[in-house]
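Asker: Same order as they appear, the protein sequences are chains A and B.
To convert, note that position 110 of the first sequence is 110 in UniProt numbering; the numbers rise steadily by one, no gaps.
To convert, note that position 89 of the second sequence is 89 in UniProt numbering; the numbers rise steadily by one, no gaps.
Just so you know, not all the hints are guaranteed correct.
Heads up, the list lumps identical chains together, so a pair's fine if it works in one copy or across two of them.
As the list claims (entries may be wrong) - Listed below are the simulated DMTMM-like cross-link pairs for lysine to aspartate or glutamate, each with C-alpha atoms no more than 20 angstroms apart in a straight line:
#: 1; residue 1: K184; residue 2: E147
#: 2; residue 1: K184; residue 2: D141
#: 3; residue 1: K49; residue 2: D80
#: 4; residue 1: K49; residue 2: E127
#: 5; residue 1: K166; residue 2: D141
#: 6; residue 1: K166; residue 2: D80
#: 7; residue 1: K49; residue 2: D22
#: 8; residue 1: K49; residue 2: D180
#: 9; residue 1: K49; residue 2: D15
#: 10; residue 1: K166; residue 2: D180
#: 11; residue 1: K123; residue 2: E104
#: 12; residue 1: K166; residue 2: E82
No lab work stands behind these hints: they were computed from the structure.
Computed from a predicted structure; not experimentally measured.
2 protein chains.
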Amino acid sequence: MMSAVAVASTGSPADTRQRLIDAAIALFIRHSFAGTSLQMIADELGFTKAAIYHHFRTREQLLTAILEPIINRVAAVVEDAEQQRGVHARAERMINGYARLAVESPMLVSVLAADPSVHTVLKANREWTHIISRQMVLLADVHPGPEGFIRAQFVFAGIAGSADPKRAADDEWLHAQLLDAGRKALGLRTPRRTSPQ
Amino acid sequence: MMSAVAVASTGSPADTRQRLIDAAIALFIRHSFAGTSLQMIADELGFTKAAIYHHFRTREQLLTAILEPIINRVAAVVEDAEQQRGVHARAERMINGYARLAVESPMLVSVLAADPSVHTVLKANREWTHIISRQMVLLADVHPGPEGFIRAQFVFAGIAGSADPKRAADDEWLHAQLLDAGRKALGLRTPRRTSPQ
Numbered sequence: 001m002m003s004a005v006a007v008a009s010t011g012s013p014a015d016t017r018q019r020l021i022d023a024a025i026a027l028f029i030r031h032s033f034a035g036t037s038l039q040m041i042a043d044e045l046g047f048t049k050a051a052i053y054h055h056f057r058t059r060e061q062l063l064t065a066i067l068e069p070i071i072n073r074v075a076a077v078v079e080d081a082e083q084q085r086g087v088h089a090r091a092e093r094m095i096n097g098y099a100r101l102a103v104e105s106p107m108l109v110s111v112l113a114a115d116p117s118v119h120t121v122l123k124a125n126r127e128w129t130h131i132i133s134r135q136m137v138l139l140a141d142v143h144p145g146p147e148g149f150i151r152a153q154f155v156f157a158g159i160a161g162s163a164d165p166k167r168a169a170d171d172e173w174l175h176a177q178l179l180d181a182g183r184k185a186l187g188l189r190t191p192r193r194t195s196p197q
Numbered sequence: 001m002m003s004a005v006a007v008a009s010t011g012s013p014a015d016t017r018q019r020l021i022d023a024a025i026a027l028f029i030r031h032s033f034a035g036t037s038l039q040m041i042a043d044e045l046g047f048t049k050a051a052i053y054h055h056f057r058t059r060e061q062l063l064t065a066i067l068e069p070i071i072n073r074v075a076a077v078v079e080d081a082e083q084q085r086g087v088h089a090r091a092e093r094m095i096n097g098y099a100r101l102a103v104e105s106p107m108l109v110s111v112l113a114a115d116p117s118v119h120t121v122l123k124a125n126r127e128w129t130h131i132i133s134r135q136m137v138l139l140a141d142v143h144p145g146p147e148g149f150i151r152a153q154f155v156f157a158g159i160a161g162s163a164d165p166k167r168a169a170d171d172e173w174l175h176a177q178l179l180d181a182g183r184k185a186l187g188l189r190t191p192r193r194t195s196p197q
């Protein structure tokens, strides 16, 4: 096999960018965002720091490139859920979509939901804060008062913290588990199937 | 057991040690363990680094001093729960005790459960890994097969992620909320009250 450096020099810029992102996510999972330097990412891939600077000037730029796609997907779920009729149907759709994201991108959802240093960066972005606030409200509306927010946080943290593909036979099974646990924690009934999801 | 912070202004070594621990936890919550240096803790308190070295030689020693009391309390809950008769009674007792720890020490439980860099340190300690594994089994036994572990992870992550005192009128109310959400996610019935808890 060619060395990582040789591969990097022949790979397209888009490939290199994606490899940087993938290596960064894996390091964030182990060391947290705050504990991962651009130098560590360079070392992991056998790149020079200059090769990284070509794509990302700062760690924050790299984090934004990582979070933006998953937050856009959360936003799409939120917008779809907000269009449902009735509080319970909206909560059901939000849990369903969030569980889908967690199954498809468990590492990303875990970085997004659980890394305290990522949380600090998230809170500094008003647009992102607004999406996460709408995501919360969709579940919180099921129970009036502060109970609603506790339940909503419980469900999102539960889904993000248990979407473990190593424990799952397949994605559909895992999705059904997370959806069912989320419904039960929130006190939603299992809906009659009226349309494919 | 954790002692409440004594009045710090007297400046005894025990007070200084506790102030270091409190400042470290607050910084871990914001920046993660991996993103917090001893220098940052020194700056936060206006200490010299030498003053910190007098108490903790490394960041890992400081983290151990922080985690040991809470893990000892988890161990006490696990041991109590394991003595109950029947799978459901054991799970009930484990959720109840874990929710109590989360309400009393939300920052500590959040560091323990959610910081990926802390997780890396935890996994290197065999005794701690053993306690956490027993904690998981107490809930996982409620459902056979891989479903049990998914549900158990869901409940612990949910409790750790939603024990937010800012949302709660008082500790008893918050504890009741977390316990109820945990029971429902796991499919436990609300037990008839037979003994005070």
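Asker: Determine for every hint whether it applies to the structure shown.
Answerer: Tested hints:
When the C-alpha separation of K184 and E147 is checked against a cutoff of 20 angstroms, the pair qualifies both within a copy, at 15 angstroms, and between copies, at 15 angstroms. Taking the shortest alpha-carbon separations for K184 and D141, both the intra-copy value of 15 angstroms and the inter-copy value of 18 angstroms come in at or below 20 angstroms. Taking the closest pair of Cα atoms, K49 and D80 never come within 20 angstroms of each other, the shortest separation being 41 angstroms inside a single copy and 52 angstroms across copies. With identical chains, the CA atoms of K49 and E127 are never at most 20 angstroms apart, being 31 angstroms at best within one copy and 39 angstroms at best between copies.
For the identical chains of this complex, K166 and D141 are inter-copy neighbours only, at 18 angstroms across copies versus 33 angstroms inside a copy, given an alpha-carbon limit of 20 angstroms. In the homo-oligomer, the alpha carbons of K166 and D80 never lie at most 20 angstroms apart, since the shortest distance is 30 angstroms inside one protomer and 30 angstroms across protomers. In this homomeric assembly, K49 and D22 come within 20 angstroms of each other (Cα to Cα) only inside a single copy, at 16 angstroms, whereas the closest approach across copies is 36 angstroms. For the homomeric pair K49 and D180, neither the shortest alpha-carbon distance inside one copy (45 angstroms) nor that between copies (50 angstroms) is at most 20 angstroms.
In this assembly of identical chains, the alpha carbons of K49 and D15 lie at most 20 angstroms apart only when taken from the same copy (17 angstroms versus 44 angstroms across copies). Only within a single protomer do K166 and D180 lie at most 20 angstroms apart by alpha-carbon distance; the minimum there is 19 angstroms, versus 28 angstroms between protomers. In this assembly of identical chains, the alpha carbons of K123 and E104 never lie at most 20 angstroms apart, being 24 angstroms within a copy and 25 angstroms across copies at closest. Neither within a single protomer nor between protomers do K166 and E82 lie at most 20 angstroms apart by alpha-carbon distance, with minima of 32 angstroms and 26 angstroms respectively.
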